[in-house]
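Novice: Sequence order for the protein chains is E and X. Going letter by letter, the first sequence gives residues 1 to 341 in full-length UniProt numbering. Going letter by letter, the second sequence gives residues 1 to 297 in full-length UniProt numbering.
Note that these hints are calculated values from the structure, not bench results. Among the clues, some could well be false.
As the list claims (entries may be wrong) - Per label pair, the in silico range of CB-to-CB distance:
no.	chain 1	residue 1	chain 2	residue 2	range
1	X	203	E	170	49 to 59 Å
2	X	139	E	35	47 to 57 Å
3	E	201	X	139	35 to 45 Å
4	E	102	X	246	55 to 65 Å
5	X	187	E	170	22 to 32 Å
6	X	28	E	294	51 to 61 Å
7	E	200	X	19	24 to 34 Å
8	X	124	E	319	36 to 46 Å
9	X	140	E	21	21 to 31 Å
10	X	156	E	138	32 to 42 Å
11	E	200	X	21	22 to 32 Å
12	E	285	X	203	25 to 35 Å
To be verified - Calculated cross-link-like contacts (lysine to any residue; reagent style SDA-like; alpha-carbon spacing at most 20 Å):
no.	chain 1	residue 1	chain 2	residue 2
13	X	186	X	227
14	X	186	E	298
15	E	24	E	276
16	X	186	E	120
17	X	15	E	161
18	X	187	E	314
19	E	319	E	296
20	E	33	X	126
No residue lacks a Cβ here, since even glycine has one placed at the ideal position from N, Cα and C.
Here is what each chain is made of, one letter per residue.
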Amino acid sequence: MEATTTSKNSNSNGAPILSVRGLKVYFPISSGKFFVPPIPLKAVDDVSFDLYSGEALGVVGESGCGKSTLGRGVLQLIEPTAGEVVWQGHHLEGLGPKQMILYRRDLQIIFQDPLASLNPRMTIGDIIAEPLTVHYPELSKDERKQRVAKIMEEVGLLPQMINRYPHEFSGGQCQRIGVARAMILRPKLIVCDEPVSALDVSIQAQIINLIQDLQQSFGLSLIFISHDLSIVRHISHRIMVLYLGNVMEIADKLSLYDEPKHPYTKALISAVPIPDPEQEKNKQRIVLEGDLPSPLSPPTGCVFRTRCPIAQPLCAKEKPPLVDAGAKHQVACHFWDADIR
Amino acid sequence: MKDQLNGLEIAETVKGRSLWQDAMRRLMHNKAAVVSMVLLGIIVILAILAPYLSPWAYDEPDWGYDFPGAPNGELKHWFGTDGNGRDLMVRTLFGARISLMVGVLATTVSLLIGVTYGATAGFLGGRIDNVMMRIVDILYSLPFMFFVILLMVFFGRNIFLIFVALGAVEWLTMARIVRGQTLSVKKKEFIEAAHAIGVSNWKIIIRHIIPNVLGPVIVYMTLTIPQVILTESFLSFLGLGVQEPLTSWGVLISEGAKQMESAPWMLIFPAVFLALTLFCFNFIGDGLRDALDPKDR
Numbered sequence: 001m002e003a004t005t006t007s008k009n010s011n012s013n014g015a016p017i018l019s020v021r022g023l024k025v026y027f028p029i030s031s032g033k034f035f036v037p038p039i040p041l042k043a044v045d046d047v048s049f050d051l052y053s054g055e056a057l058g059v060v061g062e063s064g065c066g067k068s069t070l071g072r073g074v075l076q077l078i079e080p081t082a083g084e085v086v087w088q089g090h091h092l093e094g095l096g097p098k099q100m101i102l103y104r105r106d107l108q109i110i111f112q113d114p115l116a117s118l119n120p121r122m123t124i125g126d127i128i129a130e131p132l133t134v135h136y137p138e139l140s141k142d143e144r145k146q147r148v149a150k151i152m153e154e155v156g157l158l159p160q161m162i163n164r165y166p167h168e169f170s171g172g173q174c175q176r177i178g179v180a181r182a183m184i185l186r187p188k189l190i191v192c193d194e195p196v197s198a199l200d201v202s203i204q205a206q207i208i209n210l211i212q213d214l215q216q217s218f219g220l221s222l223i224f225i226s227h228d229l230s231i232v233r234h235i236s237h238r239i240m241v242l243y244l245g246n247v248m249e250i251a252d253k254l255s256l257y258d259e260p261k262h263p264y265t266k267a268l269i270s271a272v273p274i275p276d277p278e279q280e281k282n283k284q285r286i287v288l289e290g291d292l293p294s295p296l297s298p299p300t301g302c303v304f305r306t307r308c309p310i311a312q313p314l315c316a317k318e319k320p321p322l323v324d325a326g327a328k329h330q331v332a333c334h335f336w337d338a339d340i341r
Numbered sequence: 001m002k003d004q005l006n007g008l009e010i011a012e013t014v015k016g017r018s019l020w021q022d023a024m025r026r027l028m029h030n031k032a033a034v035v036s037m038v039l040l041g042i043i044v045i046l047a048i049l050a051p052y053l054s055p056w057a058y059d060e061p062d063w064g065y066d067f068p069g070a071p072n073g074e075l076k077h078w079f080g081t082d083g084n085g086r087d088l089m090v091r092t093l094f095g096a097r098i099s100l101m102v103g104v105l106a107t108t109v110s111l112l113i114g115v116t117y118g119a120t121a122g123f124l125g126g127r128i129d130n131v132m133m134r135i136v137d138i139l140y141s142l143p144f145m146f147f148v149i150l151l152m153v154f155f156g157r158n159i160f161l162i163f164v165a166l167g168a169v170e171w172l173t174m175a176r177i178v179r180g181q182t183l184s185v186k187k188k189e190f191i192e193a194a195h196a197i198g199v200s201n202w203k204i205i206i207r208h209i210i211p212n213v214l215g216p217v218i219v220y221m222t223l224t225i226p227q228v229i230l231t232e233s234f235l236s237f238l239g240l241g242v243q244e245p246l247t248s249w250g251v252l253i254s255e256g257a258k259q260m261e262s263a264p265w266m267l268i269f270p271a272v273f274l275a276l277t278l279f280c281f282n283f284i285g286d287g288l289r290d291a292l293d294p295k296d297r
């Protein structure tokens, strides 16, 4: 294992810590009839990206666009249909559970529903210690307990709570337990699957700041999945916009927010409320027509064309490739630089 | 370091209350269940102490009394004697031993097979689950009595065969219940978290799935015990149960029913014990269900 953990954010310096190439996750949906082959539901369709050490990549998109599936596909919690997931030079795709266990200690996940992600029959001490029992079975009981107490302090829980059960905690505390469980092995990458969307706003800030503090002090890489653009903007260095399992745009945070190139990104950003009533009133909102098409029968060509304000005949024929549209800014649109109203 | 150790010492003093402890508290507030547990405890203790409670043996006739004899305090035949002059109280309590043992052991057999089978089918899912559950369906459709009678005829009357036969039939429902629960539990995020940590499948079943499906299983178990006792009584009633001089409540009731008019005590005492036990188990099962899943009430 290379020691690539630096406290500074080493954006795009050197080789990426994780690189995903052409990742596809299809779920076979049975039609319920005999002799009719199941239709693939394309949850994630040909997604590629790189992640560097210490970097936080935000993943945004509407619900049902494959954000969570992407995170699980990277961690091999769902077996990808095709594509490569390369972690520090090692291919993860197609590894059995026995081989995958070597990488599990570096790759962790924080879940959306804090209470549901904790086993209600276990004390939180046992929950937080479970990764230790799997990866460091040689540790004695006392050592394990000390490590658990230490991590609990780090995430802002009182170590005295060690013998309590999950249902005795609030949502925010439960999410801290989830963070502690993910952090106890000192992983290098954490996938945060909408970690705050189930919490109320005042608690959201606490958890976000906790994750950000831990990320900075341990040089963690993050894949931060969320549908809340302001949160993603707060925590990420780079942002990837997904629509129906396809990447629409990947760019540095500032570049994406200041000059969104893709019509979908523009619509998303125009929907973010501005905490200034004057600006909010004068803001131009782009409202998208219609609903997210079914991923069972996605539109031909560009998947966004059915709701795109600038769709042209070409969009129905050809799928736009991801092209460079500036420094570290890639966009998948035929007409990103055309002036069409 | 010192500070942390101090922290740990404080930690020992703060105890959380687990869901099991919560359920226990609720159960203890259920009067019917508590009374049932006490009554059942008394019956069990009586059954264990049976040889010391009466001067009479369960298999020796009292030659100096009527065949059958009515209850008689002076001769210490408190429940009377049966058609062979044997003390009915001792026989009822020895019957309790057999009936309760059949109930508990057969239920344990069904529990072990059913939980393992159901949890495995539910957890693995897909085609394996399909095949395993179709096997259960097929076994379900076999006429159970016919199956037990065939076993008895082929292998002779044997008390252990009764445990096996009853357990082997009762596990089917248990497997279905456990499978259904497993299917709902395995979709929870904490199972996915365990996968992400790298916990092996077997450990996930043991540590995460089984503790979370145990609630309905325990309830069903307390309802299976009386069912098994009743089935054993029925088999004995048909003459397929335990062999003389051993006895069970079913055998005693069967004999008592034949002499219902001339010697009603031979029917009344074993029947009261059987009914009481069944009531107790059912009330405990009810109480447990309310205690383990207070939302379902």
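Novice: Indicate, hint by hint, whether the structure satisfies it.
Specialist: The hints, checked one at a time:
Range check, residue 203 of chain X to residue 170 of chain E: Cβ separation about 29 Å, and the 49 to 59 Å hint is violated. Checking the proposed 47 to 57 Å range against residue 139 of chain X and residue 35 of chain E shows it is violated: the Cβ atoms sit about 30 Å from each other. Take residue 201 of chain E and residue 139 of chain X: their Cβ atoms lie about 55 Å apart, and the range 35 to 45 Å is violated. For residue 102 of chain E and residue 246 of chain X, the hinted distance range of 55 to 65 Å is satisfied, since their beta carbons lie about 60 Å from each other.
At roughly 24 Å, the beta-carbon separation of residue 187 of chain X and residue 170 of chain E lies within the given 22 to 32 Å, and the hint holds. The beta-carbon spacing between residue 28 of chain X and residue 294 of chain E, approximately 53 Å, falls within the hinted interval of 51 to 61 Å. At about 25 Å, the beta-carbon gap between residue 200 of chain E and residue 19 of chain X stays in the expected band of 24 to 34 Å. At about 38 Å, the beta-carbon gap between residue 124 of chain X and residue 319 of chain E stays in the expected band of 36 to 46 Å.
Checking the proposed 21 to 31 Å range against residue 140 of chain X and residue 21 of chain E shows it is violated: the Cβ atoms sit about 50 Å from each other. Checked against the given bound of 32 to 42 Å, the beta carbons of residue 156 of chain X and residue 138 of chain E, roughly 54 Å apart, lie outside it. Between residue 200 of chain E and residue 21 of chain X the CB atoms are about 29 Å apart, so this pair conforms to the stated range of 22 to 32 Å. In this structure the supplied range 25 to 35 Å is violated for residue 285 of chain E paired with residue 203 of chain X, their Cβ-Cβ distance being about 51 Å.
The straight-line distance between the Cα atoms of residue 186 of chain X and residue 227 of chain X is roughly 30 Å, outside the 20 Å bound, and the hint therefore fails. Straight-line distance between C-alpha atoms of residue 186 of chain X and residue 298 of chain E comes to about 30 Å, which puts the hinted pair past the 20 Å bound. This hinted pair does not check out: residue 24 of chain E and residue 276 of chain E have alpha carbons roughly 41 Å apart, beyond 20 Å. Straight-line distance between C-alpha atoms of residue 186 of chain X and residue 120 of chain E comes to about 13 Å, which keeps the hinted pair within the 20 Å bound.
This hinted pair checks out: residue 15 of chain X and residue 161 of chain E have alpha carbons roughly 8 Å apart, not beyond 20 Å. For the hint pairing residue 187 of chain X with residue 314 of chain E, the CA-to-CA distance comes to about 42 Å; that exceeds 20 Å, so the pair is violated. Among the hinted pairs, residue 319 of chain E with residue 296 of chain E is consistent with the structure: their alpha-carbon atoms are about 17 Å apart, no more than 20 Å. Of the supplied pair hints, the one linking residue 33 of chain E and residue 126 of chain X holds, its CA atoms being roughly 17 Å apart against a limit of 20 Å.
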